[in-house]
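> Next come the chains, spelled out residue by residue.
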Amino acid sequence: MSIVTVARACVEFDGEHVLENVDLTIEQGEFIALLGPNGSGKTTLVRAILGLQPLEHGKIALFGTPLARFRDWSRIALVPQRLPGATSIPVSVWEAVLSGSITPKGRWRPLPRSARDAAQQALESVGLWSRRHDRLDALSGGQQRRVLIARALCTEPDLLVMDEPTAGLDAQNLQALTALLADLHHRGITIIVVTHELTGINDLVTRAVVLRNDHHESVKYDGPPPVPEHFAEETHHHDDIDVHDVPPPVGLDPA
Amino acid sequence: MSILSFDFMQRALIAAALVGILAPLIGIFLVQRRLALLGDGMGHVALTGVGLAFLLGTAPIPTAMVTACLGAFLIEFIRYRSRTAGDVALALLFYGGIAGGVMFASLAPGKASSSLNAYLFGSLSTVASGDVIALLALCVVVVALLAIFGREMFAMSLDADLAAVQGIRVRVMSTLLAVLAAVVVVVGMRVVGLLLVSAIMIVPVAAAQQVTRSFRATAAVAVVLGLFASVSGLVTSFYVEVPPGPTIVLEALALFAILAVIAVPLRRRRRREVT
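Line by line, the protein sequences are chains X and C. Mapping to this note's numbering: the first sequence position 120 is 120, numbers consecutive. Mapping to this note's numbering: the second sequence position 125 is 380, numbers consecutive.
For the record, the hints were derived by calculation from the structure and aren't laboratory data. There's no promise every hint is true.
With the C-beta cut set under 10 Å, the calculated list includes, among others, these residues of chain C facing chain X [stated by the list, open to error]:
1) Ser370
2) Ser412
3) Ala419
Think of the CB as a built atom: it goes at the ideal place given N, C-alpha and C, for glycine as much as any other residue.
Start from the sequences and build out the full structure, keeping to the hints where you can.
Structure representation (structure tokens):
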């Protein structure tokens, strides 16, 4: 059974095609890098896979179940770049991690002991248990990203989707993240990483999917890394532009 | 205390305590979602309900409740449908709420339009004995709903997309939060007044979050501040003979200022600990 199946998926924004005829089948244990310049639709594709973005045409299935009927959300976890709600109100590291275990099913009873144990284990696995009482936004950017990974690991997901996990990390944090990802992949978790570049995760990625928003097929390359020169250059070119827009690396991690 | 010998003051104190406890509990989610002004809008819309009650001769609390809840649904609908123009659409709704309220009240027979003031800025004497039971019942409902859905609302307020991927019905939670805010606005309408009731949702939260490190602690401190400001503001307004709404809100703002001053060395020390 495939983890994710995307068939002839199309997405439009105000009549503009963002994704066209995307076919993608992801099997258990794959480590996929979704590459492409800004506006290529890589984030849109991930949002569509997670049911956050309706399709114009096409079909998506998760773990063999059509998206519309899929309910087993604890098998999937998303790691965002940041938590917007943790900057307007103080949220402790512990609360941020525990929030990963909140489900509609659990609303009638207090959070079970097992969820707390899993959260503790996840936070320990990213090396931040000692910071659990701190405000999330008091941590460095690299540490916050590790907290968000711990948050995702709480439910022991089979599929982990990460949005630009390496963006803006310094060498030390990048190394810590790479080691963590290698371990997760080793444990059999299927990983999809949305990214501009393969730097740092090149050795882990088993399959690169390059998207570009033109013509009738959004997927330009689908195969093992390295990405052939021709496609790589196009994503790279945009990277160079980005460097000037993006703020300097977040967080010099002192830990 | 001699003021407890007045029945109307007993009722006003109960109403003030209820709103002081409840309002920050809802406000914390609004602040977290950067919707701090939503409560204001709800107050404006509820005013139309009060005007309608004057015009039709119905009871103000149920009428304002129905209007504010309809307003909550409408606001959520507008926010969902128009991500870019939602801001302006909400503004239009809010202006309409105030204008409608004043218009209906002016059309109503008798002294309705002059008693509108009591609903705008709060009043010590307008809490009727039947109101107390209605307010208590509303509070029980709000607290029960928070106990059941509070965690999902917290997850939604952290990041709506993440919450959706956890299976949480984000639109349902968002609408429920708007309706709860509408209920709190109506609970606070009598004592604090519709123009200022959202301040008691937001100001205690803004004050608390300067000195806290977690959501739970922020909620707890905000409730204590909200309760203190509303009860002591009410007592002050009894002795000074000014409307309770402005007194309560000014006391809450003073607490905000005090905590802002306390927070400076606290934050500095925390920064030293981190580095």
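> Now, for every hint given, state plainly whether the structure supports it.
Each hint tested on the structure:
{"no.": "1", "hint": "Ser370", "result": "38 Å, violated"}
{"no.": "2", "hint": "Ser412", "result": "5 Å, holds"}
{"no.": "3", "hint": "Ala419", "result": "6 Å, holds"}
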